[in-house]
Amino acid sequence: MELSRAILLLHKRGVVVRVVTDRDYMTITGSQIGALRKAGICVRHEMSKAVHMHHKFALVDGRKLITGSLNWTLTAVQSNKENIMVTEEPELVRPYQQEFQKLWEANDPANHKPQTTNGQQNR
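Taking the working numbering, the leading residue of the sequence shown gets 1, the next gets one more, and so forth.
Each hint can be trusted.
Below 25 Å or equal to it, Euclidean Cα-Cα: the simulated SDA-like pairs (lysine to any residue) are: (1) LYS12 x ARG37; (2) LYS102 x VAL43; (3) LYS56 x GLU91; (4) LYS102 x GLU91; (5) LYS49 x TRP104; (6) LYS102 x SER31; (7) LYS56 x ALA76; (8) LYS12 x ALA39; (9) LYS38 x PRO109; (10) LYS81 x HIS52.
Derived by calculation from the structure, the hints in this document are not laboratory data.
Quick caveat: nothing in here was measured; it's all calculated off a predicted structure.
Using the sequences and the hints given, assemble the complete structure.
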(Lines of atoms letter the chains of each structure in order from A and count residues from 1; the text may use other names and numbers.)
(Lines give C-alpha, C1' and ligand atoms only; values in the text may rest on other atoms or scores of the structure.)
Protein backbone atom coordinates (compact mmCIF):
# COMPACT_ATOMS: atom_id res chain seq x y z
CA MET A 1 0.00 0.00 0.00
CA GLU A 2 2.83 2.43 0.79
CA LEU A 3 4.43 1.77 -2.58
CA SER A 4 1.21 2.45 -4.44
CA ARG A 5 0.69 5.66 -2.45
CA ALA A 6 4.19 6.82 -3.34
CA ILE A 7 3.61 6.01 -7.01
CA LEU A 8 0.28 7.84 -6.99
CA LEU A 9 1.87 10.87 -5.35
CA LEU A 10 4.66 10.94 -7.94
CA HIS A 11 2.09 10.65 -10.72
CA LYS A 12 0.11 13.57 -9.27
CA ARG A 13 3.33 15.61 -9.29
CA GLY A 14 3.69 14.98 -13.02
CA VAL A 15 6.23 12.15 -12.94
CA VAL A 16 5.73 9.72 -15.82
CA VAL A 17 5.11 6.26 -14.37
CA ARG A 18 4.81 3.08 -16.43
CA VAL A 19 4.08 -0.33 -14.93
CA VAL A 20 4.35 -3.81 -16.41
CA THR A 21 2.95 -6.58 -14.23
CA ASP A 22 1.97 -10.19 -14.57
CA ARG A 23 -1.60 -11.06 -15.45
CA ASP A 24 -2.46 -12.27 -11.92
CA TYR A 25 -1.76 -8.92 -10.25
CA MET A 26 -4.40 -7.22 -12.38
CA THR A 27 -7.13 -8.84 -10.24
CA ILE A 28 -5.52 -10.47 -7.20
CA THR A 29 -6.96 -9.48 -3.79
CA GLY A 30 -4.98 -6.63 -2.27
CA SER A 31 -3.37 -5.59 -5.53
CA GLN A 32 -3.20 -1.84 -6.04
CA ILE A 33 -2.93 -2.08 -9.84
CA GLY A 34 -6.58 -1.05 -10.25
CA ALA A 35 -5.98 2.11 -8.20
CA LEU A 36 -2.95 2.98 -10.34
CA ARG A 37 -4.93 2.52 -13.54
CA LYS A 38 -7.88 4.51 -12.20
CA ALA A 39 -5.49 7.39 -11.46
CA GLY A 40 -4.37 7.37 -15.09
CA ILE A 41 -1.09 5.52 -14.73
CA CYS A 42 -0.33 3.42 -17.78
CA VAL A 43 -0.26 -0.24 -16.70
CA ARG A 44 0.35 -3.18 -19.00
CA HIS A 45 0.28 -6.85 -18.12
CA GLU A 46 1.78 -9.88 -19.77
CA MET A 47 -0.31 -10.74 -22.79
CA SER A 48 0.98 -14.28 -23.23
CA LYS A 49 -0.78 -17.00 -21.28
CA ALA A 50 2.12 -19.35 -22.02
CA VAL A 51 4.73 -17.30 -20.16
CA HIS A 52 4.71 -16.10 -16.56
CA MET A 53 6.54 -12.82 -16.08
CA HIS A 54 8.47 -13.11 -12.84
CA HIS A 55 10.62 -9.98 -12.97
CA LYS A 56 11.00 -7.95 -9.80
CA PHE A 57 12.62 -4.66 -10.62
CA ALA A 58 12.01 -0.94 -10.88
CA LEU A 59 13.82 1.75 -12.80
CA VAL A 60 13.89 5.31 -11.53
CA ASP A 61 14.59 8.16 -13.94
CA GLY A 62 16.31 5.72 -16.28
CA ARG A 63 19.41 5.62 -14.13
CA LYS A 64 18.59 3.88 -10.84
CA LEU A 65 17.80 0.17 -10.61
CA ILE A 66 16.01 -1.54 -7.73
CA THR A 67 15.96 -5.33 -8.05
CA GLY A 68 16.00 -8.52 -6.01
CA SER A 69 13.79 -11.30 -4.72
CA LEU A 70 11.18 -8.94 -3.23
CA ASN A 71 7.64 -9.49 -4.54
CA TRP A 72 6.66 -5.84 -3.83
CA THR A 73 3.83 -6.91 -1.53
CA LEU A 74 3.12 -6.05 2.10
CA THR A 75 3.56 -9.71 3.05
CA ALA A 76 6.98 -9.84 1.41
CA VAL A 77 8.10 -6.68 3.18
CA GLN A 78 6.75 -7.63 6.61
CA SER A 79 7.10 -11.41 6.73
CA ASN A 80 9.61 -12.72 4.20
CA LYS A 81 13.37 -12.83 4.13
CA GLU A 82 14.12 -10.98 0.91
CA ASN A 83 17.05 -9.33 -0.80
CA ILE A 84 17.08 -6.10 -2.71
CA MET A 85 19.80 -4.17 -4.51
CA VAL A 86 19.79 -0.50 -5.45
CA THR A 87 22.39 0.72 -7.93
CA GLU A 88 23.11 3.50 -10.36
CA GLU A 89 25.92 1.62 -12.14
CA PRO A 90 25.18 2.14 -15.86
CA GLU A 91 26.43 -1.32 -16.87
CA LEU A 92 23.94 -2.90 -14.44
CA VAL A 93 21.06 -0.52 -15.19
CA ARG A 94 21.27 -0.71 -19.00
CA PRO A 95 20.18 -4.38 -19.45
CA TYR A 96 17.16 -3.76 -17.22
CA GLN A 97 16.23 -0.68 -19.25
CA GLN A 98 16.41 -2.79 -22.40
CA GLU A 99 14.34 -5.58 -20.84
CA PHE A 100 11.69 -3.14 -19.62
CA GLN A 101 11.41 -1.62 -23.08
CA LYS A 102 11.05 -5.10 -24.63
CA LEU A 103 8.33 -5.99 -22.11
CA TRP A 104 6.56 -2.67 -22.66
CA GLU A 105 6.46 -3.13 -26.42
CA ALA A 106 5.63 -6.86 -26.32
CA ASN A 107 2.68 -6.21 -24.01
CA ASP A 108 1.14 -3.33 -25.95
CA PRO A 109 -2.56 -4.22 -26.29
CA ALA A 110 -2.57 -2.62 -29.75
CA ASN A 111 -0.31 -5.45 -30.95
CA HIS A 112 -2.65 -8.22 -29.80
CA LYS A 113 -5.87 -9.20 -31.50
CA PRO A 114 -8.82 -10.02 -29.24
CA GLN A 115 -9.80 -13.67 -29.05
CA THR A 116 -13.24 -15.15 -29.44
CA THR A 117 -14.74 -17.43 -26.82
CA ASN A 118 -13.32 -20.50 -28.58
CA GLY A 119 -9.76 -19.14 -28.34
CA GLN A 120 -9.45 -18.18 -32.01
CA GLN A 121 -8.23 -14.72 -32.90
CA ASN A 122 -10.67 -12.32 -34.52
CA ARG A 123 -9.55 -11.11 -37.91
